[in-house]
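Construct all of the structure, not just a fragment, from the sequences and the given hints.
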Amino acid sequence: MTAIEELKKLPSREKNSYIKEWKGDGRNIVGFTCHYAPKEIFAAAGIFPYRLEARGTKETGLADVYYHRFNCTYSRCILQEGLSGGYAFLDGLCFLNGCEQIRRMYEVWKEHVPTTDYQYMITVPHSIYDEGFEWYKEEIFRFKEDLTNNFATRLTKGDLLASIDVYNESKRLLKELYELRKADNPPISGAEAMKLIFAADIMPREKYNALLKEALKEIRSREGIKDYKARIMVGGSPLDDTQLIEIIESLGGIVVTDTLCGGSRNFQEFIEVEKDGDPLEAIARCYYYSNPCPRMMNQFDSRCEYTEKMAREANVDGTILTKIVFCDNHAVECTMIADELEPKGIPVLSLEREHMLTDVGRVRTRIEAFIERISRR
Amino acid sequence: MFYLGCDVGSMTTKTVILGNKDVVAYDIAANNGNLTKVVETSVNKVVSKAGVSLADIDVKGGTGMGEQYIPFDHSKEGIIKCLAVAVYWIHPHTRTVVDIGGLSTSVISINGHGKVLEYRTSDKCASGSGFFLKLAAQALELKVEDLGNIIIPCGERAHMGTQCAVFGESEIVSHINDGEEPEKIAAGINYSLGSSVATMINRLGGIQDIVATGGVAKNKGVLRAIEEILGMEVITLSSIDEQLVGALGAALCAQQRMQQG
Amino acid sequence: MAEYSDRKDRTITTRWQISGDLAKFILNQDLTHLDDWGGKEAVREILPEHFQKNFDMIQTDLINCILEEKNKQTAIAFAENISKWGEWLHEQLDEGKKVVYHYFIHTIEPLLALDFAPICFEVLSGLTSALYTDGCEEGIDAIEAEGYPDHLCSSNKGAAGYLLKGYIPQPACFLKGSAPCDTSNRVYEWAAHKYKVPLIVVEAPYYMNERAHKFLTEEIKRMIVKLEKIAGKKLDEDKLRHYIQLSNEAVDYLAKIQDLRKHVPCPDTGWHRPADTIFTAQLGTPFARDYFKALYENVKERVDKGQGVIPEGKKEIRLAWGYTWEAFDLPFFNWLENKHGAIYTEDTLTYFPMDTEMIDTTNMETMLAGLGRRMMQMPMARQVMSFSDVWINDFVDISRAYKVDALAIGGHMACKHFWALNKLLSDKVKEKTGVPTLRFEMDMMDKRFTSPSELKRIMDDFFATF
Amino acid sequence: MIYVGCDVGSLSGEAVIIEDNAIVVHEIIRVRPRPEQTALEVTQKALTKAKMSFDDIDYCVSTGYGREKIPFAQSSISEISCHGRGAQWANPSVRTIIDIGGQDAKVIKVDKFGYMVDFVMNDKCAAGTGRFLEGMAKVLGVELEDLAALSSGAASPVSLTKTCTVLSQFEVLYMLNDGIDRTNIAAGINRAMAERVSKLAKRVGIREGVAITGGVAKNFAVVKSLSEVLGLEFVSLGEVDPQIVGALGAALFAKERAEREYEKGGIEVKGVNKKRGNG
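Chains V, E, L and G, in that order, give the protein sequences.
Going by the numbering used here, 100 is the number at position 100 of the first sequence; the sequence numbering is gapless.
Going by the numbering used here, 548 is the number at position 171 of the second sequence; the sequence numbering is gapless.
Going by the numbering used here, 818 is the number at position 180 of the third sequence; the sequence numbering is gapless.
Going by the numbering used here, 1171 is the number at position 67 of the fourth sequence; the sequence numbering is gapless.
Simulated from the structure, these hints should not be mistaken for laboratory data.
Mixed in with the good hints there might be a few duds.
If you anchor each label on the Cβ, the simulated ranges turn out as follows [as the list claims (entries may be wrong)]:
| # | chain 1 | residue 1 | chain 2 | residue 2 | range |
| --- | --- | --- | --- | --- | --- |
| 1 | G | Arg1286 | L | Asp753 | 56 to 62 Å |
| 2 | E | Asn397 | G | Gly1245 | 38 to 44 Å |
| 3 | L | Glu935 | E | Ala407 | 56 to 62 Å |
| 4 | L | Glu856 | V | Glu305 | 28 to 34 Å |
| 5 | E | Thr413 | G | Arg1138 | 39 to 45 Å |
| 6 | V | Asp276 | E | Gly582 | 54 to 60 Å |
| 7 | G | Arg1286 | L | Thr649 | 33 to 39 Å |
| 8 | E | Glu518 | G | Ala1259 | 40 to 46 Å |
Glycine residues also receive a C-beta, built at the ideal position from the N, C-alpha and C atoms.
Now the structure itself:
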């Protein structure tokens, strides 16, 4: 099996052999929910950080007992996976107060998902400033203590530095992948690329880096995709499934970049530890200051710039910003961004959806029309 | 001694006449046009069936969201209480009542004396209601009654993402267009409705001895789905039409009031 | 008669001011000759011309409600302080003071001490929705027409819409505590961006411990520095002390009232709860103090006479509101009392824990520390911004302390954090106190979501089971 | 050359046949269970009316909700582009199109060539769509097209509190039972419809030259209150039936594509039985 094939099958938990392997060796897997979870620390402590996803979750019946129809289907699907045993393999779970719906899951999960013995919540301030950083830093320090105590692992400065290197390496490789996608004739479709990207957060990183490096070789050797009608960037609410991207590409678009939390926002800045600097602090600094999530206040301009930058660099014809119904953060963000970008000549389709795409017909119509709109320029 | 109970629901009006022991006559009428007329006709039907005249019946109870359209004097009772009282009267072991009606679903937990402990009613949206089944049946060109008899194991059912009465319909149509067999779609519809009801039941919690009432309780497909998910039996009251329970309760409550004076 | 501004950007506040005076006027009339108050025209005739337009906007039931004997006294206090506040605000604006729109979990003593004209953003929607037939729907529709989603909180949507419409003054800045919710954070960010003014964020930490309190106190200091820059002046200690004393008095009355509500029969009527929130957002103003004082005296009097607020001979059903009240139909609470004998003991939105301590005004440090502590205790902030245990414990304490028969949990559509927790809350309360809960969907300030008549039907069904 | 546009919506299906840039005939039918049925029937009807057969068609473009299921169409285009194109052809001054379809309400902006430059659609709810009016008409016991007439001269239109299309029906049922005059209810319904659509319209920002298309455009009461709410006059589509604008647009695209394929020297265009490209 080629590296690409191996990475592409990963997103399905059942097919993810690394989970079994890792557990088989008696090692721990700890889940996490959002951008501000310091993966490097997990890894340095010999723990495999697994980003919670709900790929292909079709029902939310179990979750709806606790959550409500006014909660977004992303959080409900994640909870559904937890309640239905999809995450029984987790030894622990690190929550963050990322948004209203996810932060509350800490409580519900604790009460009703018995398989997870260890839970921790890292709290992140809602704006970016030095005193806020001090708070977050302390949270990270405390988490590191708690995590290592709980799993009785030691964690040296060396471990951290090594872990940081591994993660920086992935960032370099992912950047390279995004570079390739910028070509006029991208050697890889958005859907395929997305699968490779998703794989990063659901398998051990060393192995991932090795596979991705190999995959990149293969991709570079391909000849590019020519017959597309429009280059498209996607952004907005969490997306952990390629279904939407497949729809876009089945309608003649090609997704060449994104501003997704699980996508490009993952690897913008490298963690740099100054000589005899504290690696923990460096980690905290990178997560806190880099690339704000829409939950962060007074950061709209920087998010807007980032969105425009990504769009320009990949020379897109249009941007599709999706908002999951009842996702306040992204719903407002999408509308505000659209108002900024349209006048700058970047067409935006702001598309409401559910996490598990229902009523695909209507979604297709909107996307098709949008592609018809932008492909004529 | 006769007692009359009338339950003016969202889609149908149910009337029963209760003798000393059991129901002696009943009627179920669709709510078309003027509700006051609907009620009148329905009531006239049952009294003549029972061979009495409305004047002879001095105890009359009314309930349902259209209760205000009952044109004669009667004692008003909340639908939740009516359901609890009636189910307890027929089947005292009941601890949980699930009423799936035209527009809304209620889950009621009752104690050993038929008193309501706690309940939840479905939230204001026509999804997951009898109305949804009605539209779905239309889209499949089936009778609602037949829709319920279609039961097939999971894995083979078509998946229904939405229960919005309107978009649900279009999802059904796109299933049809994708060449999905009507049976599988129908089973998918029953299942998705059943699972949303099961969710409501779980939401209330502390469930045992479930009795299902209301028009949708006639849909075996939905009931099987609920059982499949809850892993426990859901029974219906053999001695009375599922739809009449509310009306019966209204009669019983009126009777109680009279006895209490 | 007072001079009413006809400036467009004072549309809303002037409307309140007039309504306040109007209510006072009516309440001071002898209307005994008008047997049935449904005859709105009859009263319309005795009204001075300048009241009539406003009068036609007001919910008829609301006037029916305040004309009931048990409500008159506090209704006057409410009306009076609303109109005084409006008058005061307009004076401030005339003196060229800068408008700060603040979130309702802030106590505004520092803003007052820095000579700002503070307006609580959420109250703009809440009070308007409470007083008028069309509620704050015009504002809500305006912001939704801009493409912003309907699942945002109506308390923010209404006010944001009024900004768009130009019905309220242009802001100098927005002041936003980061907790409890994303919805409000996003709307404030939108507004600050749209009107190109600073958004001052006060980070409310996730914990309820000393570490959090220290941080929050520091945050308040930082907030003051930012505010000083905008105000172009330094914060004066004595001025701050003056306003904090006012808010201390108010909070003291508030706490006393909460305590008195434990009496059986309950001496306090339900429509006060939404009204309270209007004034907890004004703590530091004399108007808040005067309102709560009047409320206290009214309630105390009933306690001394051993009176309740429900009709003679009715059995008292003691309700606690699990989460929020609704604002769009205040008479609804009156209806609950009269029809079902159901009284509104407490809720977790206006609930100040009994141990709420007074702010120590010894020096700047103690005052800021006190402001920090109070902000953590502010209604809703306290329960919602942290882990659920605080909230659950409040539920349990309330259920016990107020001898509650049932919890009516009216879930506000926009409160995603509540919906994520609703089952856990009712389960815990049931488990710990055995109190049953009624949960239903509504929108606190948009009656188009769950209409008053629906609300009443829900209640009728509920009490039928008692 | 004969070009056909076929629009299969969720409520009705339309076919338009054009020749030399002029409409030959058009047909409208209620949808059948399967879109290909609807397409086949409505197109057949149109052809018969025009005394033609399928073999006469040079190029056919399908659009609407069932567009991808039409076997005899060479390609499909979204109804959004088609409505823009059709309306602008019917009246060159058109720059904004409000189309109210069965379960979608759309507002479409076009450039001076009739190409869509922006659009919005109702998202998670069917409120403010043809369904809404249809349901309401049913409850009032009138035909959809009579709803407008019924509402004329209403003294005090009712206000509908529910947004859910289904729940509103029951709200109306109860209004009827409370003896509220049907005229006022009908007027309230049309008003509610107009307000829901106008929310959408305000979102894209309306430009001069606004046309209204789709079946609902025939409800003059909705149109009237919509133009009141938006504060503008709609431009006329002349002879063109507002309900066929989507199909018309499709036919125009068919012409354009056929001609493009000539230039490419591609397939000779008697194309009905050719396999469909992906547009």
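Hint check:
no.	hint	in the structure
1	G:Arg1286 / L:Asp753: 56 to 62 Å	59 Å, holds
2	E:Asn397 / G:Gly1245: 38 to 44 Å	42 Å, holds
3	L:Glu935 / E:Ala407: 56 to 62 Å	58 Å, holds
4	L:Glu856 / V:Glu305: 28 to 34 Å	30 Å, holds
5	E:Thr413 / G:Arg1138: 39 to 45 Å	42 Å, holds
6	V:Asp276 / E:Gly582: 54 to 60 Å	57 Å, holds
7	G:Arg1286 / L:Thr649: 33 to 39 Å	37 Å, holds
8	E:Glu518 / G:Ala1259: 40 to 46 Å	42 Å, holds
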